[in-house]
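Work the whole structure out from these sequences, hints included.
2 protein chains.
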Amino acid sequence: MVMDLSEFNFRHHLGGEELLTAVAQDQETGEVLMVAFMNRQALSLTLETGIAHYWSTSRNKIWLKGESSGHQQLVEEILVDCDADALVLKIKQEGAACHEGYYSCFFRKVDFEDGFKFKIIREKVFEPEQIYGEG
Amino acid sequence: MVMDLSEFNFRHHLGGEELLTAVAQDQETGEVLMVAFMNRQALSLTLETGIAHYWSTSRNKIWLKGESSGHQQLVEEILVDCDADALVLKIKQEGAACHEGYYSCFFRKVDFEDGFKFKIIREKVFEPEQIYGEG
Numbered sequence: 003m004v005m006d007l008s009e010f011n012f013r014h015h016l017g018g019e020e021l022l023t024a025v026a027q028d029q030e031t032g033e034v035l036m037v038a039f040m041n042r043q044a045l046s047l048t049l050e051t052g053i054a055h056y057w058s059t060s061r062n063k064i065w066l067k068g069e070s071s072g073h074q075q076l077v078e079e080i081l082v083d084c085d086a087d088a089l090v091l092k093i094k095q096e097g098a099a100c101h102e103g104y105y106s107c108f109f110r111k112v113d114f115e116d117g118f119k120f121k122i123i124r125e126k127v128f129e130p131e132q133i134y135g136e137g
Numbered sequence: 003m004v005m006d007l008s009e010f011n012f013r014h015h016l017g018g019e020e021l022l023t024a025v026a027q028d029q030e031t032g033e034v035l036m037v038a039f040m041n042r043q044a045l046s047l048t049l050e051t052g053i054a055h056y057w058s059t060s061r062n063k064i065w066l067k068g069e070s071s072g073h074q075q076l077v078e079e080i081l082v083d084c085d086a087d088a089l090v091l092k093i094k095q096e097g098a099a100c101h102e103g104y105y106s107c108f109f110r111k112v113d114f115e116d117g118f119k120f121k122i123i124r125e126k127v128f129e130p131e132q133i134y135g136e137g
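Note that the protein sequences, when read in sequence, are chains R and S.
In terms of my numbering, the first sequence is residues 3 to 137.
In terms of my numbering, the second sequence is residues 3 to 137.
Some hints could be false.
One copy or any two copies: either way a pair holds, since identical chains are not told apart in the list.
With a Cα cut of at most 25 Å, we get these calculated SDA-like pairs of lysine to any residue [said to hold, decoys possible]:
no.	residue 1	residue 2
1	K111	Q43
2	K92	G32
3	K92	R110
4	K119	G103
5	K94	H73
6	K126	G17
7	K111	S8
Hints are computed from structural coordinates only; laboratory data are not their basis.
Just so you know, these numbers come straight off a predicted model, no measurement behind them.
Put into structure tokens, the structure is as follows:
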């Protein structure tokens with residue numbers, strides 16, 4: 003059965019793909035964990051399996067989040083914005099969202115007092131080398 | 003003085019612009035209010051003024067959020083993700099974020115029980131005709 007995705011608006015044309023934006027938000031705390039893109043296949047797989055799949059714009063392929071780390075995202079709810087080109091995935095994050103070892107990819111803030119430099123404001127929850135190997 | 007934005011990664015090439023993704027999140031409740039894009043000028047204006055400016059990918063122009071409605075976004079904090087191509091703006095929203103009259107643009111959810119149709123789950127906080135006129 004082909005899934006009817008006609009209500010969704012894949013209007014962002016990036017690298018030859020038609021994409022929408024997806025924000026993964028911790029279901030319990032509301033913390034934003036990552037922002038990525040989805041094409042139709044990534045959204046279909048996410049809806050079918052309940053596990054977040056994205057389109058990797060750097061590797062140009064379907065990306066099952068956590069495919070190498072095991073840090074998958076279980077989707078509890080999906081919100082849609084007014085023009086249907088952005089989603090909020092309310093998720094339960096296994097492990098941590100960020101490949102750099104932080105629970106959220108947003109582990110830095112812009113320091114307005116110091117020339118808009120980036121400042122780390124979170125603690126690591128794992129060491130990347132132990133999950134992904136040394137290289 | 004030209005602002006140094008070299009740490010930011012405007013890597014999304016859309017409609018001839020180099021953009022990063024910006025998520026506006028209610029500073030107090032953590033509710034995600036909207037998702038949009040910024041080019042260098044939009045980010046500079048946001049950093050300079052403390053009021054959210056975006057790049058409108060539909061109108062191809064700088065977009066001071068709330069320029070017609072008065073519903074501006076006061077930026078309290080900006081978080082940056084691991085590859086510096088996405089921001090979370092922690093904001094205080096004047097009025098409401100959505101031009102359709104809802105506090106958040108994410109006023110619908112995907113109904114997993116009903117063929118993935120969209121279902122409105124929020125109440126309007128204003129009537130668009132009263133803010134923007136009849137058209």
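Hints and how they fare:
In this assembly of identical chains, the alpha carbons of K111 and Q43 lie at most 25 Å apart only when taken from different copies (19 Å versus 33 Å within one copy). In this assembly of identical chains, the alpha carbons of K92 and G32 lie at most 25 Å apart whether taken from the same copy (8 Å) or from different copies (12 Å). Both within a single protomer and between protomers do K92 and R110 lie at most 25 Å apart by alpha-carbon distance, with minima of 22 Å and 13 Å respectively. With identical chains, the CA atoms of K119 and G103 are at most 25 Å apart within one copy only, with a shortest distance of 21 Å there and 36 Å across copies.
For the identical chains of this complex, K94 and H73 are intra-copy neighbours only, at 10 Å inside a copy versus 32 Å across copies, given an alpha-carbon limit of 25 Å. In the homo-oligomer, the alpha carbons of K126 and G17 never lie at most 25 Å apart, since the shortest distance is 32 Å inside one protomer and 37 Å across protomers. Proximity of K111 and S8 under a CA criterion of 25 Å is satisfied inter-copy only: 15 Å between copies versus 37 Å inside one chain copy.
Checked against the numbered hints above, the structure violates only hint 6.
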